[in-house]
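Trainee: In case you want the letters, here they are:
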Amino acid sequence: MDEKKKVNFLKLGLVRGIIFQVVGSIVGMGIVMLIRLLMGLPAWNAEPVWVGGTFVGVITFLIGVGAFSDWFKWAKGEKTSDHHEADPSLPGWAKYYSISLDHKVIGIQYGVTSILTLGLAGTFAMIFRTELAASKLQYIDLGTFNSLIGLHGIVMIAAILLGIGAMSNYLVPLMIGASDMAFPRLNAFAYWINVPGALLVVSSLFLGGFDTGWTAYPPLSARAPLGMQMFFLGVYVIGLSSILGSLNIIVTTIRMRAPGMNYFRMPIFVWAAVATSIIGLTATQFIALSFQMVMFQRLLGMGFFDPTNGGNVVLFQHLFWFYSHPAVYVFILPGLGMISELLPVFARKPLFGYKWIALSSMAIALVGFFVWAHHMFTAGMEEYLRVPFMYSTMLVAVPTGVKFFSWVGTLWRGKISFPTPMLFTLGAVSIFLLGGLTGPPNATVATDLHLHDTYWIVGHFHATMFGGFIFPFFAALYYWFPKMTGRMYNEKLGKWHFWLMYPAFYVQSLGQMRIGLLGMRRRIADYDPALNFDFSHLLITIAGFVIFASVVIFLVNVWMSVKRGEKAGTNPWNSRSPEWQLPTPIPEHNYADHPFEVVGEPYDYGLEGSTYIKMSAASKASAAD
Amino acid sequence: MATSTLDNRTSYKYKLGTNRLGLWLFLLSDAFFFAGLLISRFYLMGFTRPHLDQTLGLIVTSVLLISSFYMNRAETAMAHGDQKTFLRGTLITLVLGVIFLVGVVGVEWQLAPFGPGDGAHGALFYMMTGMHAFHVLTGVIFLVIVYRNGRKELYTAEKHWGVEACATYWHFIDVVWIFYYPALYLIGTVVG
Amino acid sequence: MKHFFRVAVLVAILTVLIGFGLDNSGYMPALASVQGAAIDALFRKHIWVISFLFSLISGFMLYSFVAFRRKPGEEGDGDHFEGHTGLEIAWTILPLGIVLYFAFLGAAALAETRRADPNAHKVTVVGSQWSWRFDYEDYGFSSTELRLPIDQQSLLTMTSTDVIHSFWVPEFRLKQDALPGEGMERELRITPTVIGDYKLRCAELCGLEHAYMVSDVIVMEVSDFEKWVAEQTEGPSDDPIERGELWYEQYGCQACHSIDGSDRIGPTWAGIFGTEELLTDGTTIVVDREYLIESIVDPQAAIVEGFETIVMPPTGDSMTEEQIHDIVDFIESLAE
Ligand code: HEA
Ligand code: HEA
Ligand code: CUA
Ligand SMILES: [Cu+2]
Chain E
1 MDEKKKVNFL KLGLVRGIIF QVVGSIVGMG IVMLIRLLMG LPAWNAEPVW VGGTFVGVIT
61 FLIGVGAFSD WFKWAKGEKT SDHHEADPSL PGWAKYYSIS LDHKVIGIQY GVTSILTLGL
121 AGTFAMIFRT ELAASKLQYI DLGTFNSLIG LHGIVMIAAI LLGIGAMSNY LVPLMIGASD
181 MAFPRLNAFA YWINVPGALL VVSSLFLGGF DTGWTAYPPL SARAPLGMQM FFLGVYVIGL
241 SSILGSLNII VTTIRMRAPG MNYFRMPIFV WAAVATSIIG LTATQFIALS FQMVMFQRLL
301 GMGFFDPTNG GNVVLFQHLF WFYSHPAVYV FILPGLGMIS ELLPVFARKP LFGYKWIALS
361 SMAIALVGFF VWAHHMFTAG MEEYLRVPFM YSTMLVAVPT GVKFFSWVGT LWRGKISFPT
421 PMLFTLGAVS IFLLGGLTGP PNATVATDLH LHDTYWIVGH FHATMFGGFI FPFFAALYYW
481 FPKMTGRMYN EKLGKWHFWL MYPAFYVQSL GQMRIGLLGM RRRIADYDPA LNFDFSHLLI
541 TIAGFVIFAS VVIFLVNVWM SVKRGEKAGT NPWNSRSPEW QLPTPIPEHN YADHPFEVVG
601 EPYDYGLEGS TYIKMSAASK ASAAD
Chain H
1 MATSTLDNRT SYKYKLGTNR LGLWLFLLSD AFFFAGLLIS RFYLMGFTRP HLDQTLGLIV
61 TSVLLISSFY MNRAETAMAH GDQKTFLRGT LITLVLGVIF LVGVVGVEWQ LAPFGPGDGA
121 HGALFYMMTG MHAFHVLTGV IFLVIVYRNG RKELYTAEKH WGVEACATYW HFIDVVWIFY
181 YPALYLIGTV VG
Chain X
1 MKHFFRVAVL VAILTVLIGF GLDNSGYMPA LASVQGAAID ALFRKHIWVI SFLFSLISGF
61 MLYSFVAFRR KPGEEGDGDH FEGHTGLEIA WTILPLGIVL YFAFLGAAAL AETRRADPNA
121 HKVTVVGSQW SWRFDYEDYG FSSTELRLPI DQQSLLTMTS TDVIHSFWVP EFRLKQDALP
181 GEGMERELRI TPTVIGDYKL RCAELCGLEH AYMVSDVIVM EVSDFEKWVA EQTEGPSDDP
241 IERGELWYEQ YGCQACHSID GSDRIGPTWA GIFGTEELLT DGTTIVVDRE YLIESIVDPQ
301 AAIVEGFETI VMPPTGDSMT EEQIHDIVDF IESLAE
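Residue numbers (this note's numbering), protein chains in the order written: chain E, 1 to 625; chain H, 1 to 192; chain X, 1 to 336.
It is worth saying that the hints were derived from the structure and are not from the lab.
Treat the hints loosely; a few may be bogus.
DSS-like mimics (lysine-lysine), calculated; alpha carbons at most 25 Å apart, straight line [stated by the list, open to error]:
1) H/K15 - E/K76
2) H/K159 - E/K73
3) H/K84 - E/K11
4) X/K2 - E/K415
5) H/K152 - E/K76
6) H/K13 - H/K159
7) H/K13 - E/K73
8) H/K13 - E/K11
9) X/K2 - E/K492
10) H/K15 - E/K73
11) E/K79 - H/K13
12) E/K73 - H/K152
13) E/K76 - H/K84
Far from chain E by the CB rule (all over 12 Å, computed), these chain H residues [to be verified]:
14) Q54
15) R73
16) I99
17) L101
18) I145
19) E158
Cβ coordinates follow ideal geometry from the N, Cα and C atoms, glycine included.
Chain E extracted, bound-state conformation:
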């Protein structure tokens, strides 16, 4: 990166995209105003003008980035080349800022975006946690607080979706022996559409915010300030990315596997990615629909959820949770897959009960479709739905339990070592266990009458999301760091990261659960000092800051190691997975010059002389086994 090549910034896709987006939004606003004039309405009405304008802006962003270029050519009947990089005249790093069709580049783009959004959402959390450290209002006003918690929630969720995109885009083709995704252009499109989407979501903060939390229940969301529309539009766009990304993963897995790689010989993460994608492909349409209906209620007075105009507020919650419950399994399945992937490597043992773990992912995904109404036990939905939904919800514990017990079986009689990725994996198991076990009390309706909308729930879902995503994500980042960068991360800083984050998380989550049971409601900026929660809240805030600091350590580690880390070998963890048999850096077309055939089981650690894949003789030479 020392080569001081002069870069024309206007050639970077990202820069062009943002310029296009700004210009496009303004032009779009103009068009909406013109149409309004033609219809005999006053030109300026903030809401339709902003919504129409920014929608146009999203499309122009994609045009600016170049996401449509090849498709336009196809429409015109022209052929396109299978190029990977946008502009060969740009230096190496620039490909990450422009459109690229290489799934590894897209994976890293997803990853970096995920960490940025994680940082942003974490920063929001630090701001409102500071406010909550003591009772009474100190630093921010009620409106800002409400917007911040909602944004914290939704931006974190975006960070998770992006992080999952990172893992599955980078890993799935590598693990199944494909040279790229089935639809590389669609893949690039699905990544880039997140950028204008995220910009829209965050822009809501400057357009009056929104005071509904991430769940956006009407009728409150139908009356919220303009920021609400930006939230809806942004999430809508990010949802489109989920749908297209999921489609790509499923098709890739079905069509692009290497010879001999039958479904039960795929690395286990692929199963998790596919189970996730089934949810992402289908259920996501429902959140899009529910948000679209509120948007139109606001724009045209359509009465879907307006009780004074024939609507019903409970319908929204059904539509919303039909996506948003399965979505929580989207958040964790890749993470649980990651745990299953890493435990055998560091315990040097086969994955215990491969088939059971693989099928339990599917079971969780499928049962997950039939439990949504457990978020609505107190919501005044149809009475007769409460008990059936309790039963279905409780069922999810069974396949999840299969995973836990199988993980224990994997560790048992292994030869366990504890480098940073393993620490994060084990931390994930422990924390997800806490999160999972606090699920059933919410599911048995009667107890939920007390627990609903309290900090107990907040504790529950932070534990599931940290255990199911944050910890496995960091495990994955540390684990594949040597493959992605060719260098080793700093082990000492990695350990610091873990040993700060793990205990701090327990303090934060258990603290939330405790005050929740005692009567702390969710989504309040100020609590009654008579409840004596001040001290617990202070502890939670401090724990939050420790987590924040630990992530800073991670960033420092990455920054230093990318530049100066020790050079890593091709397979530092001695893993059997195909991607580790490739040279580092991984060639642009993965296995194009290193074709392999699957001849054995993926996790036969400890079995003398077993092999998983057989690379053709020519390629063996370049990759150390």
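Got chain E; can you put chains H and X with the ligands on it based on the hints?
Mentor: Same frame as chain E, now just chains H and X with the ligands:
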């Protein structure tokens, strides 16, 4: 993609299979959106329906069904290398698609005695027909592209994925309407 | 085998420590209702199962970390075994049994909270941004605090005038959302068991002042309750101004309008009568009776400059004409 021992992977035929799977998954996903609207319709309106012009409804429905027939003809013709029938079929489908759009958006929307802001039936009617019409519109654009490329003789009996995709999409839109038409025009007693 | 024995001991110790630790940590607020007892009993079972399962898995893992760690200089891999179908089936069936049993308990506890007493006395709970009103329809009066007689079942019917709110008194354990719209009334049955003062806290995010949407809940001796009811049913005072002040509190106006000139969400009422006000459409208006009535009946008709972003709820719809006149009299009395 680049060469590998998996030569068949780079063949047109294999890619065609991949593309087909992708398209069908996309339609599955889209079907969830339409299904959600249909469920909302029954949730909010139960067995009542908006007051609509029955003749017009019947006409646009027939137009759409007939268009699917021509679409199918066009595609089969292409598979047999019959360029002429293919082009004619595509053009007729396109015209019928436009007629459908005009019928729903241009006529029915103007005739309806209620607006989008009038109660649940207004909201649902405009949202359901609107989303469907939006899909018809994208289908029409797709047809224009296929027609134009067909005139340039870019499709052959062996290689005409573009035509096939367009036809599948068009039939999908048709099937959606087969559910929406009774839901809006036939089922239940009239209100509003 | 010795491994399993040691782990079993470890798990047992952990379970007992965690379970008893939690059980004695006072994790719930004091209990004050019959319905809550069923919930607490079920929750306590949950706590024990959580303690056991957490200890089980953590115990096995902790033990593995010590017993099966890679010792310095050690080479090679762990034992090779790929799974055990019998075990897998066992740990599918057993949890399945447990969760079904818990679901059954959950249904039973739910039924317990809904057991109806035909003599329950009725209160309608009305949530509005950001205050509660309690209509004692059987007696024909309304109140801003919820008073309940001890050991008698009260049937609370929830409704809302604007957005979704949620009724929650932690000591009663029960929660129910109050939904806007006709036919959306929802019920909750509460039989308080302990005399005392509690707080009803709105548990569903309902906008800006959600945190402060709190009302007093007072559980009283039956005789005291009856005395209070008698006081209330004497009817409000003859003085329209006093009545206006009462409506001001009961209909939740005080959530947004101050009467001492201080800032709240809406314009203060102190001294506005007779003054000239700037509206958002640029015109000015004299605050007289007619304008005030219009402001209450149709809040969107004229919006005061500086208050564009907040919508005043159409609470006026649920008031009688007389009540509105009382309020206007009250506002007039604040003119000085
Ligand atoms: C990552 C996400 C994630 C995951 C994995 C889960 C997992 C589960 N969740 Fe959670 N949940 C959320 C994220 C998640 N949740 C979020 C974000 C919310 C709040 C949304 C909002 O309102 O903002 C929420 C809210 C929520 C509610 C609504 C609460 C309310 O608002 O009133 C309920 C109710 O049933 C619930 C239940 C469960 C259950 C039963 C599981 C189960 O899947 C857990 C299964 C796992 C185990 C049980 C542990 C391991 C199993 C064993 C060791 C086997 C043996 C076990 C037994 C015999 C019990 N969750
Ligand atoms: C992945 C999901 C995720 C994660 C990781 C977190 C992390 C945290 N959450 Fe979050 N939270 C949610 C998802 C998540 N949350 C959701 C969905 C809600 C519900 C919202 C709603 O009710 O609508 C919620 C709500 C919520 C509440 C309840 C608010 C309320 O109801 O009033 C609280 C309160 O304590 C809280 C606290 C925290 C804290 C202290 C952290 C800390 O762990 C954060 C630590 C900080 C970081 C992880 C960032 C570190 C990054 C850097 C240091 C990088 C530097 C900068 C750049 C790169 C730009 N969260
Ligand atoms: Cu009312 Cu919160
Ligand atoms: Cu859920």
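Trainee: Tell me, in ascending order, the numbers of any earlier hints that this structure violates.
Mentor: The structure breaks hints 3, 8, 9, 18; every other hint is satisfied.
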